[in-house]
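2 protein chains.
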Amino acid sequence: MTAPPHEARPTGPGRALPDTQQGMRRRNLARVMHAVHADGPLSRAGIASRIGLTRAAVSTLVDELIRTGLLEELGPERPGRVGRPGSALAVSGRGPVGIGAEVGVDHLAVCAVDLRGDVRARAERHVANRGRSPGPVVEELTGLVRQVVAEAEGEGLWPAGLAVAVPGLVARDARTVVRAPNLGWQDVDLGALLPGEFPLTVDNEANFGGLAELWLGADTPANFLHVSAEIGIGAALVVDGSLLRGTRGFAGELGHVPVHPDGPECGCGGRGCLEQYAGEEAVLRSAGLEPGEDRVGLLAGRAADGDPEVRRALREAGTALGIALTGALNLLDPQSVVLGGALAGLAPWLLPSLEAELSRRTAGPACPVSVSRLGPEGPLLGAAHSVVRAVLDDPAAVAERA
Amino acid sequence: MTAPPHEARPTGPGRALPDTQQGMRRRNLARVMHAVHADGPLSRAGIASRIGLTRAAVSTLVDELIRTGLLEELGPERPGRVGRPGSALAVSGRGPVGIGAEVGVDHLAVCAVDLRGDVRARAERHVANRGRSPGPVVEELTGLVRQVVAEAEGEGLWPAGLAVAVPGLVARDARTVVRAPNLGWQDVDLGALLPGEFPLTVDNEANFGGLAELWLGADTPANFLHVSAEIGIGAALVVDGSLLRGTRGFAGELGHVPVHPDGPECGCGGRGCLEQYAGEEAVLRSAGLEPGEDRVGLLAGRAADGDPEVRRALREAGTALGIALTGALNLLDPQSVVLGGALAGLAPWLLPSLEAELSRRTAGPACPVSVSRLGPEGPLLGAAHSVVRAVLDDPAAVAERA
Numbered sequence: 001m002t003a004p005p006h007e008a009r010p011t012g013p014g015r016a017l018p019d020t021q022q023g024m025r026r027r028n029l030a031r032v033m034h035a036v037h038a039d040g041p042l043s044r045a046g047i048a049s050r051i052g053l054t055r056a057a058v059s060t061l062v063d064e065l066i067r068t069g070l071l072e073e074l075g076p077e078r079p080g081r082v083g084r085p086g087s088a089l090a091v092s093g094r095g096p097v098g099i100g101a102e103v104g105v106d107h108l109a110v111c112a113v114d115l116r117g118d119v120r121a122r123a124e125r126h127v128a129n130r131g132r133s134p135g136p137v138v139e140e141l142t143g144l145v146r147q148v149v150a151e152a153e154g155e156g157l158w159p160a161g162l163a164v165a166v167p168g169l170v171a172r173d174a175r176t177v178v179r180a181p182n183l184g185w186q187d188v189d190l191g192a193l194l195p196g197e198f199p200l201t202v203d204n205e206a207n208f209g210g211l212a213e214l215w216l217g218a219d220t221p222a223n224f225l226h227v228s229a230e231i232g233i234g235a236a237l238v239v240d241g242s243l244l245r246g247t248r249g250f251a252g253e254l255g256h257v258p259v260h261p262d263g264p265e266c267g268c269g270g271r272g273c274l275e276q277y278a279g280e281e282a283v284l285r286s287a288g289l290e291p292g293e294d295r296v297g298l299l300a301g302r303a304a305d306g307d308p309e310v311r312r313a314l315r316e317a318g319t320a321l322g323i324a325l326t327g328a329l330n331l332l333d334p335q336s337v338v339l340g341g342a343l344a345g346l347a348p349w350l351l352p353s354l355e356a357e358l359s360r361r362t363a364g365p366a367c368p369v370s371v372s373r374l375g376p377e378g379p380l381l382g383a384a385h386s387v388v389r390a391v392l393d394d395p396a397a398v399a400e401r402a
Numbered sequence: 001m002t003a004p005p006h007e008a009r010p011t012g013p014g015r016a017l018p019d020t021q022q023g024m025r026r027r028n029l030a031r032v033m034h035a036v037h038a039d040g041p042l043s044r045a046g047i048a049s050r051i052g053l054t055r056a057a058v059s060t061l062v063d064e065l066i067r068t069g070l071l072e073e074l075g076p077e078r079p080g081r082v083g084r085p086g087s088a089l090a091v092s093g094r095g096p097v098g099i100g101a102e103v104g105v106d107h108l109a110v111c112a113v114d115l116r117g118d119v120r121a122r123a124e125r126h127v128a129n130r131g132r133s134p135g136p137v138v139e140e141l142t143g144l145v146r147q148v149v150a151e152a153e154g155e156g157l158w159p160a161g162l163a164v165a166v167p168g169l170v171a172r173d174a175r176t177v178v179r180a181p182n183l184g185w186q187d188v189d190l191g192a193l194l195p196g197e198f199p200l201t202v203d204n205e206a207n208f209g210g211l212a213e214l215w216l217g218a219d220t221p222a223n224f225l226h227v228s229a230e231i232g233i234g235a236a237l238v239v240d241g242s243l244l245r246g247t248r249g250f251a252g253e254l255g256h257v258p259v260h261p262d263g264p265e266c267g268c269g270g271r272g273c274l275e276q277y278a279g280e281e282a283v284l285r286s287a288g289l290e291p292g293e294d295r296v297g298l299l300a301g302r303a304a305d306g307d308p309e310v311r312r313a314l315r316e317a318g319t320a321l322g323i324a325l326t327g328a329l330n331l332l333d334p335q336s337v338v339l340g341g342a343l344a345g346l347a348p349w350l351l352p353s354l355e356a357e358l359s360r361r362t363a364g365p366a367c368p369v370s371v372s373r374l375g376p377e378g379p380l381l382g383a384a385h386s387v388v389r390a391v392l393d394d395p396a397a398v399a400e401r402a
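So the protein lines, in turn, are chains A and G.
UniProt numbering applies: residue 1 is where the first sequence begins, and numbers increase by one.
UniProt numbering applies: residue 1 is where the second sequence begins, and numbers increase by one.
Treat the hints as calculated values from the structure; they're not laboratory data.
Please note that a few of the clues may not be correct.
Claimed, not checked - Here chain A is said to cover these stretches of chain G; the calculated rule only asks that three of the stretch's residues, wherever they fall, bring their Cβ under 8 Å from a Cβ of chain A:
| # | stretch |
| --- | --- |
| 1 | 240-250 |
| 2 | 262-273 |
| 3 | 326-337 |
Glycine included, every Cβ here is placed at the ideal spot set by N, Cα and C.
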């Protein structure tokens with residue numbers, strides 16, 4: 001695939017600045033980290049051949065990354081060979097960790113993920129956060145963060161940053177929750193409430209779920225639509241391996257795509273939005289059930305038991321998802337759709353009608369729909385891994401902070 | 001606006017390669033060209049301060065750009081001043097031109113645009129291309145291209161490339177028209193039919209229209225949705241100043257977003273698509289008129305005369321556009337919507353119901369909708385300017401070809 005010439009302009013962070021030796025060094029440190037992260041353990045020569053730099057240049061970069069604790073030497077490699085033995089290098093399992101946190105409607109969770117991608121500490125608490133004011137929720141979350149950080153520090157790790165997933169719209173400043181209707185929050189600056197000692201990123205749970213799918217999913221393509229639901233329905237639009245965020249940071253509001261334009265009123269001000277047909281509470285209502293705490297568990301259990309009303313409600317939700325996704329696929333032309341979050345657990349009963357609707361409405365082969373293996377863990381893991389990715393993407397910045 | 005750390009990774013063409021001196025030189029040549037293009041005439045010192053390089057480095061780059069005919073020296077600047085006079089530099093008006101071409105349902109058009117953005121030659125022919133096979137259409141277009149190139153060469157200009165706008169889906173190879181239902185074309189490789197002496201780019205007319213708006217529009221933001229119509233309805237999604245193309249190059253098919261999911265059948269295989277309510281032929285049908293050649297002129301004329309049936313049909317089309325755009329705005333969160341192409345001429349009668357629908361369906365301030373000043377000229381100008389942009393983005397590549 002050749003990009004047309006009018007897209008040849010270099011883009012992305014740093015591209016507006018003139019190229020400098022210092023900038024080259026930072027980017028080359030990132031290339032070394034990414035090579036070892038993806039294919040390690042690797043020798044210096046192995047890294048050099050992968051990223052197209054000389055062995056001497058790579059040695060200097062590697063020395064710096066060992067000094068700052070991001071890479072570690074595993075000792076001589078193949079000592080029986082003739083010549084100076086190369087030493088294998090691996091991403092450190094004792095350096096920085098990313099702290100991920102999640103504020104859910106019914107729970108709080110925190111975890112620490114190291115540069116190798118292993119979860120090294122985790123804490124979770126079931127708690128009804130609906131209608132609870134931000135102060136006490138964040139205080140409780142901070143307690144869990146401190147517990148997880150202490151556990152990680154006990155293993156010789158140190159926190160490189162904190163990323164928090166929330167069920168709502170987050171401003172482009174990556175700290176202000178503009179609207180989280182299912183918590184009842186509006187314009188909450190989490191940066192002012194959370195401990196200030198780590199670099200902080202706040203993002204929508206659907207976005208972190210989509211990033212988790214990109215980084216941890218099986219053969220996830222670089223262009224896909226990740227659809228997830230808790231009470232609302234959100235999508236993460238991943239385009240060429242990056243999230244499409246929108247002007248205000250509000251992109252991906254699949255739940256408010258009109259499905260039946262004259263349908264029931266929606267909290268967003270519209271009518272007949274997808275959320276009115278396929279949101280957890282809409283499905284429960286349609287099946288004649290009371291929305292309680294374990295909404296997905298209830299629906300999945302009844303559907304598995306063959307409850308005809310629940311199965312019909314889920315079938316209709318799948319059809320509504322198919323109509324809204326037809327619009328999204330026509331607009332975005334992704335390579336696949338991934339159902340994540342709560343939708344992953346309901347997929348057996350949603351997918352048949354969803355896929356039928358998609359293939360009915362599109363000429364040619366319909367876009368494949370798959371189910372996330374991460375399911376409800378996606379947002380929390382995506383948050384923690386976003387911090388890890390930031391370390392891999394700019395190791396020099398972390399070394400300055402360390 | 002701070003990008004969250006997980007997007008700090010450098011992206012874009014060339015970012016996967018290690019930084020080299022050669023790559024730095026190419027990018028710095030582009031920075032010089034863009035600075036002079038945006039703010040020229042400029043002295044060497046003026047360029048240096050704008051792009052953050054030393055005056056000596058800029059002089060070397062400028063010398064190369066003068067040698068290859070992309071910049072020209074306007075002569076000594078402020079000769080009364082003490083010290084060596086700086087000479088003002090401008091983008092050359094005698095160097096390369098971009099050749100833009102358009103295959104419309106009812107016309108063919110070609111133009112040549114120089115590096116300064118001036119149209120230096122133009123040719124157009126009214127011709128009914130519907131159902132005509134690609135060979136003769138491209139032969140006729142090639143005749144117009146040769147005429148425009150000859151005229152440009154007579155003025156000392158030389159063609160840097162050819163870009164062709166078509167009313168259909170174009171593959172990511174930027175030469176194959178996969179489907180152009182209103183021409184009746186399918187899987188046509190324009191690269192094999194057009195003259196091979198220039199670098200070629202083929203793209204959807206809506207995409208070139210959107211790019212024209214980005215480059216030539218008044219205060220166009222970097223995130224917007226450009227909606228245009230001929231017989232079909234297409235959108236260009238511009239995200240952070242770049243087109244969102246989709247996996248196959250088919251993104252932006254706003255015309256096939258379902259508006260009333262149980263509505264009339266559409267050629268795409270779906271039902272109730274936007275095109276069935278707001279496409280030119282749908283509006284003519286709804287108003288009880290025969291689709292002839294100057295469809296937009298007919299509708300605009302009757303609407304201006306106060307024809308109640310035409311006004312009602314356009315009002316309903318505006319409502320349908322509002323429903324489909326509500327979905328697109330929820331998914332993409334652009335900063336504005338621009339109506340271009342044929343829609344620009346019908347805007348007075350579409351906009352009131354369109355805007356009413358948007359504000360009815362969205363809480364908070366509705367996304368502003370504006371009308372393109374380029375109108376039906378957008379795709380042709382966008383095509384020609386895409387070649388000019390490619391020269392500014394990589395002047396070294398053009399110098400190699402010159």
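To see whether the hints hold, each was checked on the structure:
no., hint, result
1, 240-250, "holds (count 11)"
2, 262-273, "holds (count 4)"
3, 326-337, "holds (count 9)"
Of the hints listed earlier, there is not a single one the structure fails to meet.
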